[in-house]
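Engineer: With the sequences and hints as input, model every part of the structure.
Quick note on our numbering: the sequence shown kicks off at 3 and runs consecutively.
It is possible that part of the hints are untrue.
With a straight-line cut-off of 25 Å between C-alpha atoms, the simulated DMTMM-like cross-links for lysine to aspartate or glutamate are [said to hold, decoys possible]:
id, residue 1, residue 2
1, K94, D110
2, K51, D68
3, K51, E106
4, K94, E106
5, K94, E30
6, K51, E30
7, K51, D110
8, K51, E96
Please keep in mind that the hints were generated in silico from the structure rather than gathered at the bench.
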Amino acid sequence: MFNHASTMTSTIGAVTVQLDWENPSAKEFSLPIGPLSPGGTTQQLVNLKNTGSISVSERQLAYSPDPATTITDPSGGVQLHVQKCSVPWTGKPENPNCPGQATEVIPDRPVTGRSNGLGASSATPAGIDHLQFTFRLPTSSPGNTQNTTTNIQFMVLGNQRPGEHR
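Structural biologist: Listed below in structure tokens is the structure:
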């Protein structure tokens with residue numbers, strides 16, 4: 003017969019996973035681009051900050067034109083390229099300078115979809131990634147893309163950690 007008793011306690015604490023676009027402070031935001039002509043580019047500077055209380059293990063950037071337009075053609079539509087700077091960018095958005103280390107985080111790709119791998123800094127609480135979004139209309143774009151303008155909707159998706167079977 004077993005006659006030993008013990009008490010087990012457990013504590014559950016609250017943590018928050020929260021990633022915000024610092025400027026503007028929101029879960030998602032829209033960037034206006036254009037007018038672009040074939041061969042043209044435009045740039046925007048944006049900060050992504052971890053305002054939660056715990057690190058994030060997985061992050062994705064989701065983006066799409068709003069409204070959806072013909073500029074999403076994989077070869078002739080607007081392309082997105084994202085770089086991060088280890089310190090805040092200086093200068094104007096149309097001609098920024100990274101006084102620290104610049105690193106590519108998303109290579110040229112069509113401006114609709116999802117991409118993994120934002121900067122590592124925003125993975126930890128209070129961490130900030132200083133990002134530069136470059137939008138480019140290829141020189142091979144059809145003539146009807148002259149003076150293309152649209153808004154690109156961005157949203158960041160994050161997980162605290164991958165799920166586990168228990």
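Engineer: Under the constraints set out in the numbered hints, which ones does this structure not fulfil?
Structural biologist: none
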